[in-house]
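Going down the list, the sequences are from chains A and B.
So the number in the numbering used here is just where the residue sits in the first sequence, counting from 1, plus 104.
So the number in the numbering used here is just where the residue sits in the second sequence, counting from 1, plus 22.
These aren't lab readings, by the way, just hints derived from the structure by calculation.
Here the structure is a predicted model, which is why all the values come from computation and not from measurement.
Worth double-checking, as some hints may not be accurate.
[Unchecked claim] List of simulated lysine-lysine pairs, DSBU-like, C-alpha gap at most 30 Å:
{"#": "1", "chain 1": "A", "residue 1": "Lys116", "chain 2": "A", "residue 2": "Lys144"}
{"#": "2", "chain 1": "A", "residue 1": "Lys293", "chain 2": "B", "residue 2": "Lys341"}
{"#": "3", "chain 1": "A", "residue 1": "Lys369", "chain 2": "B", "residue 2": "Lys60"}
[To be verified] From the derived model, a few chain A residues whose C-beta atoms are all more than 12 Å from chain B:
{"#": "4", "residue": "Pro131"}
{"#": "5", "residue": "Asp147"}
{"#": "6", "residue": "Ala294"}
{"#": "7", "residue": "Ile297"}
{"#": "8", "residue": "Ala325"}
[As the list claims (entries may be wrong)] Below, a sample of chain B positions facing chain A; criterion: calculated Cβ distance under 7 Å:
{"#": "9", "residue": "Thr685"}
{"#": "10", "residue": "Asn737"}
{"#": "11", "residue": "Thr747"}
{"#": "12", "residue": "Asp750"}
{"#": "13", "residue": "Glu753"}
{"#": "14", "residue": "Lys755"}
{"#": "15", "residue": "Ile758"}
Beta carbons: idealized from backbone N, C-alpha and C, even for Gly.
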Amino acid sequence: MIGTVQRILRPKSVDELLSTLAELQGPRHLLAGGTDILVKAKDGKVAPGTWIDVWPLDELRGVTAHDDRIDLGANVTMTDVERSPLLRAEARALWDACYEAGAVQIRNRATLGGNVANASPAGDSIPALYSLGATVHLRSVRGERAVPIEALFTGPGKTVIAPDEAIVRLSLPRVRGAVGAFLRLGQRKAQAISKVSAAATATLGADLTVEAARVALGAVAPTVVRAPEVERLLAGRALEPGLMAEAGELAASGVTPITDVRSTKVYRREMVAVVVRRALASLVDRRRG
Amino acid sequence: MPGSGPTYPLATMPPDDPTPTPTHTVGQRLERLDARAKVLGTARYADDLTFPGLLHLKVVFSTQPHARVLAIRTDAARRAPGVRAVLTAKDCPGENLIPLVLPDLTLMAADRVRFVGDPVAAVVADTPEAAHDAARLVEVDYEPLPAVFDVLEALRPGAPVVAPPISGPAGHGGANTAPNLFNLLEVKKGDLAAGFEAADVVVEQEYRTPYQAHAYLETQGMTCVPEPDGVFAVYGCMQCPFYVHEAVARVLGVPRHRVKVIQVGTGGGFGGKEDVPSIIAGLAALGAWHTGRPVKLVLSRKEDFETMSKRHPALVRLKVGAKEDGTLTALEEQLWLDGGAYATLSPVVLYRAVTHAAGPYRWPAVHVTGHAVATNKVPCGAFRGFGTLQVIFALESILDELAERLGIDPLDLRLKNAVRVGDALGTNQALTESVGFIETLERAAEVSGYREKRERYRTWQEGPKRRGVGLGCLLYGVGLGAKGKFIDRTGAHVQLYPDGSCAVSIGNAEMGQGLRTVISQIAAEELGLEFSKVQTFDGDTSRVPDSGPTVASRATVMAGNAVRDACGQIRRELRAEAGLMLGVEPDALEVFQTWVRVKAAPERRVAMNDVIARAAHARRALTASGFRLPADTWWSDDEGQGKAYEVYTYATNVCEVEVDVETGESRVIALTAAHDIGRAINPTLAEGQIEGGALQGLGFALTEEVHIDQGVIKNPRFATYIIPTAMDSPELKAVIVEHPYSGGPYGAKGIGEPPIMGIAPAVTNAIKAATGARLFECPATPERVTEAMKAQGVAARDEVAV
Chain A
105 MIGTVQRILR
115 PKSVDELLST
125 LAELQGPRHL
135 LAGGTDILVK
145 AKDGKVAPGT
155 WIDVWPLDEL
165 RGVTAHDDRI
175 DLGANVTMTD
185 VERSPLLRAE
195 ARALWDACYE
205 AGAVQIRNRA
215 TLGGNVANAS
225 PAGDSIPALY
235 SLGATVHLRS
245 VRGERAVPIE
255 ALFTGPGKTV
265 IAPDEAIVRL
275 SLPRVRGAVG
285 AFLRLGQRKA
295 QAISKVSAAA
305 TATLGADLTV
315 EAARVALGAV
325 APTVVRAPEV
335 ERLLAGRALE
345 PGLMAEAGEL
355 AASGVTPITD
365 VRSTKVYRRE
375 MVAVVVRRAL
385 ASLVDRRRG
Chain B
23 MPGSGPTYPL
33 ATMPPDDPTP
43 TPTHTVGQRL
53 ERLDARAKVL
63 GTARYADDLT
73 FPGLLHLKVV
83 FSTQPHARVL
93 AIRTDAARRA
103 PGVRAVLTAK
113 DCPGENLIPL
123 VLPDLTLMAA
133 DRVRFVGDPV
143 AAVVADTPEA
153 AHDAARLVEV
163 DYEPLPAVFD
173 VLEALRPGAP
183 VVAPPISGPA
193 GHGGANTAPN
203 LFNLLEVKKG
213 DLAAGFEAAD
223 VVVEQEYRTP
233 YQAHAYLETQ
243 GMTCVPEPDG
253 VFAVYGCMQC
263 PFYVHEAVAR
273 VLGVPRHRVK
283 VIQVGTGGGF
293 GGKEDVPSII
303 AGLAALGAWH
313 TGRPVKLVLS
323 RKEDFETMSK
333 RHPALVRLKV
343 GAKEDGTLTA
353 LEEQLWLDGG
363 AYATLSPVVL
373 YRAVTHAAGP
383 YRWPAVHVTG
393 HAVATNKVPC
403 GAFRGFGTLQ
413 VIFALESILD
423 ELAERLGIDP
433 LDLRLKNAVR
443 VGDALGTNQA
453 LTESVGFIET
463 LERAAEVSGY
473 REKRERYRTW
483 QEGPKRRGVG
493 LGCLLYGVGL
503 GAKGKFIDRT
513 GAHVQLYPDG
523 SCAVSIGNAE
533 MGQGLRTVIS
543 QIAAEELGLE
553 FSKVQTFDGD
563 TSRVPDSGPT
573 VASRATVMAG
583 NAVRDACGQI
593 RRELRAEAGL
603 MLGVEPDALE
613 VFQTWVRVKA
623 APERRVAMND
633 VIARAAHARR
643 ALTASGFRLP
653 ADTWWSDDEG
663 QGKAYEVYTY
673 ATNVCEVEVD
683 VETGESRVIA
693 LTAAHDIGRA
703 INPTLAEGQI
713 EGGALQGLGF
723 ALTEEVHIDQ
733 GVIKNPRFAT
743 YIIPTAMDSP
753 ELKAVIVEHP
763 YSGGPYGAKG
773 IGEPPIMGIA
783 PAVTNAIKAA
793 TGARLFECPA
803 TPERVTEAMK
813 AQGVAARDEV
823 AV
């Protein structure tokens with residue numbers, strides 16, 4: 105930690121934040137809840153530079169329902185998500201992910217903007233946001249742009265966010281009757297980083313026919329990934345056990361995970377099949393109520 | 023002089039006096055002395071202490087697993103802002119050596135580094151930041167040497183020599199006579215060939231156990247303060263103030279009376295603060311010597327993980343035989359402990375491992391061969407259990423395999439072969455008293471519902487979930503035993519004040535286990551005081567006798583006995599005074615709760631408070647020093663036999679586990695642990711030890727793993743070194759069994775270490791029962807469980823219906 109914080113700025117508004125970002129020279133790090141960056145900084149993995157504390161910016165808080173979408177401020181915490189009946193009803197995969205993540209103290213501080221910007225392939229909210237078709241809104245003094253979440257990441261810890269940009273909000277399309285689920289495997293029951301995760305969001309007909317589905321996988325590739333082949337397999341077919349198992353196997357065959365201190369390549373690949381199948385089974389349970 | 027004293031009003035027993043108990047504080051569930059301070063956050067730890075003019079020390083550690091040190095360039099660091107000194111091995115005014123079993127551990131590496139984490143230089147500066155920045159400017163030129171990371175490779179001819187042969191002081195636990203071999207010990211009993219000849223079933227298997235990090239909440243930390251009279255005062259967290267005392271005196275080259283060590287706080291030790299605090303204190307003292315100012319060194323969590331001692335990883339090859347009816351006939355074991363780069367405590371860890379290898383069972387024939395081996399990795403030392411978890415994992419696993427082959431329930435196999443009074447252990451030590459093993463088996467089985475669940479879980483399933491119950495048993499030799507007897511003594515200082523309150527000082531350390539509370543209870547009992555009237559203080563080497571280390575589950579027994587010795591001296595004075603008050607001979611009196619009364623006429627009594635006030639006024643000696651030696655033990659290296667320890671604690675763990683056979687995840691539902699601890703001085707604290715140890719054992723069993731690649735620890739932080747959280751804690755049921763030990767205070771034996779020792783095999787035996795898959799290595803991560811199921815051809819029973 106020592107040495108990485110050369111100075112700390114605390115802008116009073118988003119506008120001030122953006123002008124600060126535009127003017128700053130050299131490395132800059134946005135500090136929201138700090139649950140990731142403080143750990144990295146302690147390990148000496150954050151370049152010495154200017155830290156900008158965005159946590160106090162209330163402009164970036166709030167969950168807002170519009171007719172066609174739900175907007176989530178970048179500073180919305182995992183606890184905020186967990187406490188939102190709207191998100192539990194309409195963005196269940198995200199709700200599951202936030203409910204499962206870390207522990208109370210972590211969830212009180214961890215923000216969606218931070219989780220996304222940290223760009224970890226194991227970040228729990230990210231597969232859920234993929235499955236929900238989230239859009240990430242980036243703003244700078246140059247203006248605002250909307251990036252589909254799948255286009256945001258270029259590698260572990262790497263995004264297309266420019267040095268003068270900040271995530272201001274995420275938006276989720278509202279899809280009537282969609283059901284969702286997020287499942288993860290960790291090294292223990294709480295306070296564990298996922299070693300493999302899967303999120304699925306789908307609209308299912310009365311006979312459980314898949315009208316539309318998005319499936320995303322965490323911790324099995326340099327970034328969170330969609331499983332388009334699984335989505336194609338499911339399209340138009342009824343979610344029955346054989347299909348779900350097939351979907352799991354197909355998902356597993358499409359990933360090339362790595363071995364690290366948290367798990368092994370072999371285990372991760374095998375577990376993709378399990379978590380995908382179980383996530384789909386959970387959609388069925390939830391569709392049936 | 024009955025009748026010669028002044029008349030004194032006799033207290034009479036009030037009508038509502040509660041039923042007297044034999045003891046008024048011992049055996050009671052009293053609140054621990056430090057509970058409030060710890061809960062409220064007011065307890066002080068090493069890093070909370072500050073002193074005027076305090077400087078901060080940062081260590082430069084080796085980045086090489088094995089290399090010659092060609093040059094250490096410190097000029098740039100010396101010129102950095104705020105830097106007061108940059109020190110290397112040549113700056114030690116005394117010896118560059120930490121005194122342990124073998125004289126091989128340097129304070130700072132001089133010409134050769136042996137592991138990634140060997141200290142090579144120390145920077146002392148005005149602030150922690152300045153020290154940190156300057157430490158990065160120290161440049162070390164290394165010439166890499168071939169390194170060895172595997173125990174079997176290290177013993178092959180021509181292997182890189184990590185540890186050349188060296189011998190220690192006679193009687194100090196061994197000498198390494200061959201390169202890379204810190205110690206070689208054997209246990210031999212009976213005729214092994216005949217034992218296997220007599221067996222109907224023989225099982226042979228290989229097991230491995232991993233590193234474990236202590237994960238104490240407080241990292242290592244020391245401050246050394248040079249005092250005006252030339253004394254170096256050392257404050258910090260530690261288990262063994264007298265180890266630190268000797269180390270600092272030798273590093274500074276001063277007589278021991280110019281050093282005093284005060285143990286403070288200590289947020290957890292678990293063995294991890296036995297030997298290595300001497301390094302931390304030695305470095306702080308060196309800084310203080312060169313700057314003339316107080317110097318503090320507190321390790322970061324990462325530094326602590328990377329450089330401080332760990333539990334020895336082990337390789338165990340075990341072969342056992344039994345007759346058809348389950349009677350055990352022979353045990354043969356070969357054991358290798360990975361000691362890392364320096365001997366530290368490995369020679370004596372090996373001693374405990376080999377003497378515990380045969381467990382609490384009757385074996386006609388035993389042959390155990392143990393090796394403590396040097397590798398270019400972090401040194402392994404003391405860790406709760408001290409070499410026993412490794413051999414217990416192997417033994418308790420193989421007994422279940424044997425039971426399966428014999429078609430006998432694992433509980434019945436253990437009951438059939440369990441030791442009782444009159445039996446001899448694998449070391450041929452005869453057990454003469456306090457052997458409650460069978461009762462722990464019976465009680466643990468009963469409380470856990472072992473037999474009923476064993477039956478029910480045979481067919482139980484819920485989706486992908488299966489359940490199983492498993493056993494893990496053990497014995498534990500209390501105290502340092504024959505190989506540690508040369509430092510095994512203890513002292514105490516007890517001071518009674520005229521107002522009836524009492525100060526107790528002991529030479530052993532409170533590190534969260536509750537020692538000060540237990541000692542206060544014993545002193546209160548001995549002197550007839552209310553518990554609240556006794557304060558036990560943190561140790562200060564200038565005021566209490568050298569009491570040896572606070573390890574080996576010895577403190578309650580050893581310090582407790584020393585306190586009893588001191589209190590006995592004071593009690594004689596009090597009885598004499600009370601004799602005057604009651605007009606009877608002192609021998610006719612006894613201390614009963616907070617009274618002194620006439621044995622033959624218990625209604626004739628005086629309040630202890632009044633006795634103390636009068637005794638103080640009469641200038642009686644109400645201060646005493648106590649001193650105790652343990653019961654004698656012996657060991658013959660040649661015979662491989664001996665009375666290895668004075669007495670043993672026994673335990674049985676029953677673990678109930680639920681395994682998801684698709685993911686390999688194991689959830690421990692309940693854990694029942696029955697321990698024969700002789701006598702619980704404070705049952706609540708004893709249960710706390712049992713529960714805490716069990717949880718730490720679950721970490722060893724299921725999640726904790728140090729990943730080392732070419733000597734570099736890859737997960738030196740709590741985000742990746744996975745200890746159990748509250749969410750991972752099962753229902754823990756602690757059962758106390760009491761078979762009193764005549765040599766322990768009030769019959770007590772040790773309880774500090776046994777709770778962790780038998781957890782891992784109880785877990786893996788339960789996993790075997792649940793899944794059909796046997797784990798030959800822990801931790802039983804989901805990766806290993808699924809792999810074992812595949813390798814052993816155990817299918818996930820029944821495809822899951824969704």
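Verification of the hints:
1. Lys116/A - Lys144/A: With Cα atoms ~26 Å apart, Lys116/A and Lys144/A stay inside 30 Å; holds.
2. Lys293/A - Lys341/B: With a Cα-Cα distance of about 37 Å, the restraint between Lys293/A and Lys341/B is violated, given a limit of 30 Å.
3. Lys369/A - Lys60/B: Roughly 43 Å separates the two Cα atoms, so the pair is violated.
4. Pro131: Fine: 18 Å to the nearest Cβ keeps Pro131/A off the interface.
5. Asp147: Check fails; 7 Å does not lie beyond 12 Å.
6. Ala294: Its Cβ does come within 12 Å of chain B, the nearest being 4 Å, so this is violated.
7. Ile297: violated, 7 Å
8. Ala325: holds, 19 Å
9. Thr685: holds, 6 Å
10. Asn737: Hint holds; Asn737/B Cβ to chain A Cβ min 4 Å, cut 7 Å.
11. Thr747: holds, 5 Å
12. Asp750: It holds, given that the least Cβ distance between Asp750/B and chain A is near 5 Å, below 7 Å.
13. Glu753: Hint on Glu753/B: violated, closest Cβ of chain A at ~14 Å, above 7 Å.
14. Lys755: Violated - the Cβ of Lys755/B stays beyond 7 Å from chain A, reaching only about 20 Å at its closest.
15. Ile758: Since chain A brings no Cβ nearer than about 29 Å to Ile758/B, farther than 7 Å, the hint is violated.
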